[in-house]
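**Student:** Chain residues, written in single-letter form:
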Amino acid sequence: MATTDHGVTSPGRAHIEERTLRRDRWWLQPLTTFVVFSAFVVYATVRAFLGRDYYASPYLSPFYSPCLGDCVAGASDFGQPFAWWPLSAALIILVFPLGFRMTCYYYRKAYYRAFWMSPPACGVAEPHRSYSGETRFPLLLQNVHRWFWYAAVLVGAVLTFDVVLAFRPMPAQYAVGDGETSGVHMGLGTLLMLVNVVLIWLYTLSCHSCRHIVGGRLRHFSQHPVRYRLWTWVSRLNESHGRWAWYSLFSVAIVDLYIFLLATGTIQDVRFF
Amino acid sequence: MGYDLKMRVWRGDAEGGGLTDYTVEVSEGEVVLDALHRLQATQTGDLAIRWNCKAGKCGSCSAEVNGRPRLMCMTRLSDFEESETITVTPLRTFPVIRDLVTDVSFNYEKARELPYAELGPRDADGKRRMMQVDVERGQEFRKCIECYLCQDVCHVVRDHEDNKQHFAGPRFFIRYAELDMHPLDTHDRRRLAQEAAGLGMCNITKCCTEVCPEGIHITDNGIIPMKERVVDRRYDPLVWLGNKIGLRNKDNDGRTEV
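So the sequences go chain by chain: Y and X. Quick note on this note's numbering: the first sequence kicks off at 10 and runs consecutively. Quick note on this note's numbering: the second sequence kicks off at 226 and runs consecutively.
Same shape as in the complex, but just chain X (with noise of 0.2 Å):
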């Protein structure tokens, strides 16, 4: 059931490179990822690829299929033409380090950037306590496994290198999202996802949700509401009118901005 599948595969490092054809025999039920584990095994010992789980659970083996971010251990090879060249190449937003390896330090810059939960003070009997209707929403987000596909397809990045140092990326629009959708959390982090994390450049196309391997809607979940929050805080002046006269939105209080 075996066949001879043609694939293109990116060689080089940060100095230059190119696209590499070969040939790798491949059987029925196999994924990109074990052609090209065949391919070192059998013809380029030194193709380097970062993998780990196999399993679409850790994240490791983001690279660009045919064009499009996914994870080389999810990709089946049935969902192309045994006849069709398969091209795959490193992710194009983030530096490359080799072959199909890239540096994404840069999502862990941002990472730091991101204020951690400031949870209030515990119950009387020392315990914390959340209802479960009030952290499902969180929940969702935290699904993310950090394969940072979204960040890579995001254009805001992928295509202007020199929004890097303001925009944090999908990846952490959601995480903003799930900390103010925290119930416990007294971090206000609304004037620092405008200003910092740069969420006024993302202009919702949703490709960051298109390539999510783990389904989470992180537009219509994530960014657009935590656009609305900052539009409760910036640009609402119902809002603003109720925060002078003393109708405030009580479920918001006792957070400080940060």
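Isolated chain Y (complex conformation) (with noise of 0.2 Å):
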């Protein structure tokens, strides 16, 4: 009997050597997740160093928003009170972004499935000899994803108001015909950042943490009408988390690139008023 004192080969499991039997393309879904995601690490990391071309006014890419750093004329909402900062604003600004979904119920599903392979997939043996789960540093830190959910809040707020200045009329040089500027504007990046903003707070508030928070941690919802309520809307919301966290990555770095090429001039604003 060629057995080890592992998973499935385990003595006294019934004796089969495969790592698994599953002959469907279970290694489809981690294999895109993972090129996915790379692909956004490989860009977001790229762009958040680059620390030029986040702002083609009235917008700010939500990469540097708030911009508190030595940022560019206009891009400062909040002040700037990291102007001694050397390196990119993003750097600044990014890590609560980057916390919230790094911490996330669903995104640790997804990388812990695509990147570490812990496992694969359903009823595929994972390669690891040892497995702690998150019950040791550093992954006992995934217990603050609701800390990163409250800034996600605040960072949410602040891209809301990004949205609101994207109405802003345009400076004449990025003004279309005859240069002429109204009170209000709305241009093909505003309806990108209102889009984005809106799934990234479908994202936000779907977060299990935030159904937790309203409502989730009572014993007795009849006692709590309101946040009872709040409970039930969340938990609708919460059903689609996956999809959001999907959704606000695509549009995050869509509404990115369109301020990169409006910036540096490879594109002009499609102005709708």
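Treat the hints as calculated values from the structure; they're not laboratory data. Treat the numbers as computed from the prediction; the structure is a model and nothing was measured. Just to be clear, a hint being listed does not mean it is correct.
Residues from chain X shown here face chain Y by an in silico Cβ test under 8 Å; the list is partial [claimed, not checked]:
{"#": "1", "residue": "T269"}
{"#": "2", "residue": "L272"}
{"#": "3", "residue": "T312"}
{"#": "4", "residue": "E386"}
{"#": "5", "residue": "M406"}
{"#": "6", "residue": "C427"}
{"#": "7", "residue": "V436"}
{"#": "8", "residue": "P450"}
We put the CB at the ideal spot given by N, CA and C, even for glycine.
Each chain sits in its own coordinate frame; assemble them with the hints.
**Tutor:** Below, the structure is given as structure tokens:
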């Protein structure tokens, strides 16, 4: 009997050599996750360290909002308390949305499967010989998710403010036609930012920690009707938390790319009015 | 309308065994358990199978069909191509007794480690009252038929035999959650869930939810809320501060840590 003391080939279990007997394409989902997440990480890292081309008035890239470092004129709507910061201003703020997503219950599932193969798919043996889950440092820090959620709410509020500012008239150099700027403006950038902030809010408010905080922690819903109602709404959103995670990941990258292309003069904004 | 189904069935015991090929005649509308019963009746009278209700409610006929944990009585042959070979093995997380029957006593040992509900005093008229809205969350978990497919697929014990001692598994995490959400229970099981039951070992990869034949949202409605309750107790300075200055979560008052 060729068994070891490890996993599905442990002594006493049915002797089957194969790691899995699944014949469907179980590898497709983790592979897709791996490729898309890796592409996003590479793109976001490059853009975060670039330190320029993040503002095309009135649009500010979500990677740099709020712009608290030594930012270009017009980009800092909340002052520049970190003007001394020698690196890209994105690095000051990105730690919060990054931490929120890294500790997110959905993303954890996705990257544990795709990057750490723990497990790669259901019923497929993982390659690791030992496993301690989230009981030790650094994975013990996954428990601070709700702290990043508090920060994510603030970031969401700032991004909402950015969308309001994106309705401002554009400066003459960006204006189309005769160059005249009206009192209110809306361009493709405004629309993209609006869609992005809606998706960011859907992702933030569908968070499992949010669901717990608004009412999930209670044992007597009947004594807290308002919190119960909130919990019911968040629960409904929470069913699609993974979808909002993906959509908002794409939208934030698309908005940043659009603003990058505007700021570098590669394209001109499509102006609706 | 019948056809010859090709099957590979694991035969053997704890000493050893392997997959054996069979061909068995099946009919339209049948399930994997039907095919195995016909195999048992016509070719392999000594094939060991555990089954009972054939209706997906007793949780007895758990096995792995083409590598996926399933109830054999709820796995329709029409889900497969007629030319496809269906492979059936016992649950790969538990010790095998013979053929498709495994020893699932691990689960009963874990059940015994979980303190039952300790209800508070009755009302003046001798009754206990609970509002429907307060108990309906826990009722989802009462749908569990204890088929242990979630326990079987959980990689924490499936891929790491040594974790069995310190890990209760998803079936019991929803039991912890159910009791922790109970409006009348006076036990606080959060420490127990984290330490003795090994809740922190779960990395919420949701395979338990994927295989649950009752469609219980084990991860989203059970494990994650339980993890958040542990965070309340151990990792949230705001809660700690609130307790210190008297802004307690009064909804959880009166419970005793076990």
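**Student:** Each hint should be assessed against the structure and marked as holding or not.
**Tutor:** For each hint, the structure was consulted:
1. T269: It is violated, given that the least Cβ distance between T269(X) and chain Y is near 17 Å, above 8 Å.
2. L272: This interface hint is violated because 14 Å lies over the 8 Å limit.
3. T312: It holds, given that the least Cβ distance between T312(X) and chain Y is near 5 Å, below 8 Å.
4. E386: Nearest chain Y Cβ about 4 Å off; hint holds.
5. M406: Holds, because the Cβ-Cβ distance from M406(X) to chain Y comes to roughly 6 Å (cut-off 8 Å).
6. C427: Because about 6 Å separates C427(X) from the closest Cβ in chain Y, which is inside the 8 Å limit, the hint holds.
7. V436: holds (7 Å)
8. P450: holds (5 Å)
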